[in-house]
Structures are given as C-alpha cells and as structure tokens.
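Its first residue numbered 1, the sequence shown is counted upward by one per residue in the UniProt record's numbering.
Calculated directly from the structure, the hints in this document are not laboratory data.
Note that the structure is predicted; figures quoted are calculated from it, not measured.
Even for Gly, the Cβ is constructed at its ideal location relative to N, Cα and C.
It cannot be assumed that every hint is accurate.
Stated by the list, open to error - Taking lysine to aspartate or glutamate pairs in the DMTMM-like style, the calculated list, with each CA pair at most 25 Å apart, reads:
1) Lys183 x Asp104
2) Lys268 x Asp322
3) Lys293 x Glu363
4) Lys293 x Glu359
5) Lys268 x Asp350
6) Lys72 x Glu359
7) Lys293 x Asp261
8) Lys88 x Glu132
9) Lys293 x Asp202
10) Lys72 x Asp21
11) Lys293 x Asp350
12) Lys268 x Glu194
13) Lys293 x Asp384
Stated by the list, open to error - Just the calculated beta-carbon pair ranges, DEER-fashion:
14) Pro145 x Arg24: 29 to 37 Å
15) Gly332 x Lys268: 28 to 36 Å
16) Val66 x Gly330: 19 to 27 Å
17) Glu194 x Gly214: 42 to 50 Å
18) Pro273 x Tyr189: 26 to 34 Å
19) Val269 x Ala165: 37 to 45 Å
20) Gln271 x Arg24: 56 to 64 Å
21) Ile52 x Glu359: 16 to 24 Å
22) Ser89 x Cys6: 33 to 41 Å
23) Ala64 x Lys88: 21 to 29 Å
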Amino acid sequence: MAYYRCVGEVPRQRHTQLRDDDGRLRREELMGEEGFSSDSSLLYHRGVPSAIVASEVWELPDLATVANHPLKPLHLRLHDLADDTDAKSHDPVTHRRLVLGNGDVRISYAVAGATSPYYRNALGDECVFVEEGEGVVETVFGTVPYATGDFVVIPRATTHRWVPATITRAYAIEGNSHIAPPKRYLSRYGQLLEHAPYCERDLHGPSEPLLEEGTDVEVLVKHRGPGPSGIVGTRMTYATHPFDVVGWDGCLYPYTFDVADFMPITGKVHQPPPVHQVFEGYNFVVCAFVPRKVDYHPGSIPVPYYHSNVDSDEVMFYVAGDYEARKGSGIGLGSITLHPGGYAHGPQPDAIEASLGAEAFDELAVMVDTFRPLEVGEGGRAVDDGAYAWSWAGRQL
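Make the full structure from the sequences, and use the hints.
If you want it as structure tokens, here you go:
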C-alpha cells in the first residue's frame, strides 16, 4: 500500500544508527516486496529478528482440493461448518476450514473465540473479511483493531496473532501474491484517485508499537514446500519476542478497511461487476456489493443480466441484507455460491420481474473472481447443498 506511515522511534535518516538511552544499537530490518523494488518498511528491533533457536514441522490442516467436475454451480452453507460452542476453543488461524482454492488463492472460513498462536504467512498476503465479531490483530508493526464488516489486510510474512474479544466469524482470502487496491484507482505515484470508491483516510493501520518482551517465542510459518498442495508449515522458535519493534516507517504494513466506507458506483442502467472491486491480487479480484441505490433508467432491470464470465470463476459470499437476484434459490446469510467459468448464470427467473421498479437494494456480499478454475476444499465439500445447480429449472430438491 503506497501510503507512508511512521510509527514510534526511527532515526532521522534510513540505514543509520538508532540507539537506546544506554547506547545499545537497535537492529534494523528491511521488509520489502518484489526483491526490494516495490513497497517496503524499515523496522527497528531491540533483539535480532533472525535469531531462532528451534525449527520443527507444523502439521497443517487438510488443504487438499478436488475438481468441480462434472462442472456445475455450487451453493455452500458456511454457517454449518462450526457453531459458537466449538468457537470458544477455536482460533482464527489454526481452525480455518478450506472452502475453495487454486494455485493463486485459497478461501477459508473460521468461527473462533480463542487467541491464535503467533503466525506468519510466507506464501502471500491475506485479506480477511470479518463477517461478525470484534477484537485486535497484534502484529510486528503494532495493533490493528477489527470489528464486524472490516477487511483486515495483512502483508506477506507479517508476524501476527488474532485476539478476539467476541466470537469472530472470519472469511479468509489467502493469496499467493500481494493484495492491493486496483491499479486503475491509483495515480502513477500511488495515490488513490478521485474516482476510486474509497481513499487513504478509510484505511486504518497501527498507531504505536507493541514493545512486547519474552524469550523462546514460537511462531507458526506457512510457506512453500513439497506435497500435493505445495504448502507446508514450520514452527520456528525465536530467541526474543518478534514484537520488540520500537518503531518503523514505510508503505508496507497491515491495515483495516470497513466495507461500510465503500462508496458504491451506480449508473442509469445495471453496472458490471468491476465497479464493485475493492482489491486485486495475481489472477483474482475482491469485490463488495453494498447497500446502494440502483439504476434510474425508466426501463432498467435492477438485478444482473444473465452473464458468462468466460475467463473466471465467481464466488459470492452473502453477508447481510436481502440479495435480490437469488430469491427462490435457497440461498441465505452465510451462503457461498460458486459460478464457474464456462457456465452462464444470473438471477433466479422470478427475481427479474420482482425487482422492476426497485430504487435501492439492501444487501451486503463479498465476491472473489479467479482467473484459474477453483477446486473444492474439505470445508466446501462438507456443506454443499447438492441442489443449487438445478434451481433455475425449478427443480431444487
């Protein structure tokens, strides 16, 4: 995120000495993307950030996927994956259930009320949508509070842990790349432009260092490796606490964005999905359908036209409100639909006539479009309703 922040104590010039009151040198760490040719931040540690005393295998949960074959649309009921009773002992990292995934992105779901272990995803950025709940994410950069409706964007290799204050329902989008605002929203120098549906003041990063102390601190690291998924885990034990940073500055850090601050782009007739885009990663985009006024042409049809996105799979997570286009399909809050590339989809037949004359839609959904086919994880297979594909023909079981 090309938006400069400075938190805590840093020297006047980069790569120069910073010492404490007793003359001890702070250890400078450059955390940068794309071979240090893109966004970066400089962090100043009390200890040595590379000093580990143990490295052991972390056995990851089931990350295997199966192809959506024969090809069909799917309806997955995420709220059936876990309940609040289980959540009291579950955390938002190790209890994620893989719903959908491919070589570019994985979509998981967790219902959790316990503090997570310290964790670092070395595969790519994470964009976690908080369906419900509040708490904080403690990071090497400082604390980021979260609440219902927030996107929590955590850069690759950021050591952090989730500390829920209430039961948290988390929809985790894990990329194998960086996740950032769409390039068309940005100036050539990285500022969000006037036509963008949000701006820098809507993004909330850490405001002060955590300055934790401790020794022999275990961090779970997810990284590239052998095996069917190409993803493995390691437990690294650090000699000093990773959150010993006294200050940092730069353009790379975790932040939150409240979906309620997204300014919907509307038009005289129905607008295509790219107007709802919030973020992009390599081979996928993240969109938000928020409460909004709809088309004002006298002959407009407010719900989407039938469409075949020939290059991508479309995943929609229904969060709140009343999603007009899906009435009569059995879809409700907590549902996911997968509409795969190669298949034309659109509103349920009766929803078209029912929408005529509508002036506004009260709905909230998060969409992920991928440019590589999605496969179904163990969580998705567990909550497939098995009937959604036939609903347009009036044959839902």
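Evaluated hints:
no.: 1; hint: Lys183 x Asp104; verdict: holds, 19 Å
no.: 2; hint: Lys268 x Asp322; verdict: holds, 22 Å
no.: 3; hint: Lys293 x Glu363; verdict: holds, 11 Å
no.: 4; hint: Lys293 x Glu359; verdict: holds, 6 Å
no.: 5; hint: Lys268 x Asp350; verdict: holds, 23 Å
no.: 6; hint: Lys72 x Glu359; verdict: violated, 33 Å
no.: 7; hint: Lys293 x Asp261; verdict: holds, 15 Å
no.: 8; hint: Lys88 x Glu132; verdict: holds, 15 Å
no.: 9; hint: Lys293 x Asp202; verdict: holds, 21 Å
no.: 10; hint: Lys72 x Asp21; verdict: violated, 65 Å
no.: 11; hint: Lys293 x Asp350; verdict: holds, 21 Å
no.: 12; hint: Lys268 x Glu194; verdict: holds, 20 Å
no.: 13; hint: Lys293 x Asp384; verdict: violated, 32 Å
no.: 14; hint: Pro145 x Arg24: 29 to 37 Å; verdict: holds, 31 Å
no.: 15; hint: Gly332 x Lys268: 28 to 36 Å; verdict: holds, 31 Å
no.: 16; hint: Val66 x Gly330: 19 to 27 Å; verdict: holds, 23 Å
no.: 17; hint: Glu194 x Gly214: 42 to 50 Å; verdict: holds, 46 Å
no.: 18; hint: Pro273 x Tyr189: 26 to 34 Å; verdict: holds, 28 Å
no.: 19; hint: Val269 x Ala165: 37 to 45 Å; verdict: holds, 44 Å
no.: 20; hint: Gln271 x Arg24: 56 to 64 Å; verdict: holds, 57 Å
no.: 21; hint: Ile52 x Glu359: 16 to 24 Å; verdict: violated, 59 Å
no.: 22; hint: Ser89 x Cys6: 33 to 41 Å; verdict: holds, 39 Å
no.: 23; hint: Ala64 x Lys88: 21 to 29 Å; verdict: holds, 28 Å
Taken one by one, the earlier hints fail for this structure at numbers 6, 10, 13 and 21, listed in ascending order.
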